[in-house]
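Peer 1: Quick note: the sequence shown, position 8, residue 8 per the working numbering, numbers continuous.
Hints should not be assumed to be uniformly reliable.
[What the hints assert, rightly or not] Quick list of simulated restraints, FRET-style, between CB atoms:
1) Thr-134 <-> Asp-100: 32 to 42 Å
2) Asp-116 <-> Asp-155: 29 to 39 Å
3) Asp-81 <-> Gly-101: 22 to 32 Å
4) Asp-169 <-> Asp-103: 34 to 44 Å
5) Thr-67 <-> Val-140: 31 to 41 Å
6) Thr-102 <-> Asp-76: 31 to 41 Å
7) Ser-157 <-> Asp-81: 16 to 26 Å
8) Val-129 <-> Glu-170: 20 to 30 Å
9) Ser-157 <-> Ala-130: 12 to 22 Å
Don't read these hints as lab results, they were simulated from the structure. All C-beta atoms, glycine included, are put in the ideal place defined by N, C-alpha and C.
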Amino acid sequence: MPRPVHLSARARPGLVAAALVLAAGATAGACSTSAPGRLDPTGTAVATVAPAPAPTETLLPDDTVATHSAVGELVDGFPADLVPVPDGAEVLLSSALPVDGTDLTQVSLNLRTGQDAAGLLAAVRAPLVAAGFTEGTPPVPEPGLAAQSTFSRGDGSELLVVGILDRDDERTLTLGGRVRTAAP
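Required output: the full structure, derived from the provided sequences and hints.
Peer 2: Following this line, the structure appears as structure tokens:
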């Protein structure tokens, strides 16, 4: 069985000092750059910094999504007669994607306006009700929204959900769902 080693009082400070030197060296190494240093014309050492990587992903990465979405305007194929942009509203994002194997189109619209929430919802409601949609109340109200509603038509396969956020004297409307561009 090994015998315990007792360090003399003189050896302990030397051992502690060596441990501190090793720890300081390890810490300094962890903080250094892997890029080689260089001297500038004045003879001062300058660290070389690698350039930041460039982003490789776009906001609309999939070509299918990109051709059916638009930023700042209504995308081609968006049913503007059914969901017109209210006067004075700024379109943030829109999309209209045909649903495979059906006559439905998946739509979304995000816009911003200074119009009050009740007036904005009324502007969306009027053309939808005129086109035969029935307004309903969402099953679970979203906290924090100034107004929200659902609109359905026919057998329920056409459904739009509308939410309006009221913040800093501006309203942001988000609308999404599925519709037929021609009445059933």
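Peer 1: A separate judgement is required for each hint: does it hold in the structure or not?
Peer 2: Consistency of the hints with the structure:
1. Under the hint 32 to 42 Å, the C-beta atoms of Thr-134 and Asp-100, about 27 Å apart, miss the expected range.
2. A C-beta distance of roughly 34 Å is found between Asp-116 and Asp-155, which places it inside the suggested range of 29 to 39 Å.
3. Between Asp-81 and Gly-101 the beta carbons are some 24 Å apart, a value that agrees with the proposed interval 22 to 32 Å.
4. At roughly 41 Å, the beta-carbon separation of Asp-169 and Asp-103 lies within the given 34 to 44 Å, and the hint holds.
5. Range check, Thr-67 to Val-140: Cβ separation about 34 Å, and the 31 to 41 Å hint holds.
6. Checking the proposed 31 to 41 Å range against Thr-102 and Asp-76 shows it is violated: the Cβ atoms sit about 19 Å from each other.
7. Look at Ser-157 against Asp-81: about 19 Å separates their beta carbons, and that is inside 16 to 26 Å.
8. The given range of 20 to 30 Å is respected by Val-129 and Glu-170, whose C-beta atoms sit roughly 26 Å from each other.
9. About 20 Å separates the C-beta atoms of Ser-157 and Ala-130, a value consistent with the hinted range of 12 to 22 Å.
In this structure, the hints that do not hold are numbers 1, 6, in rising order.
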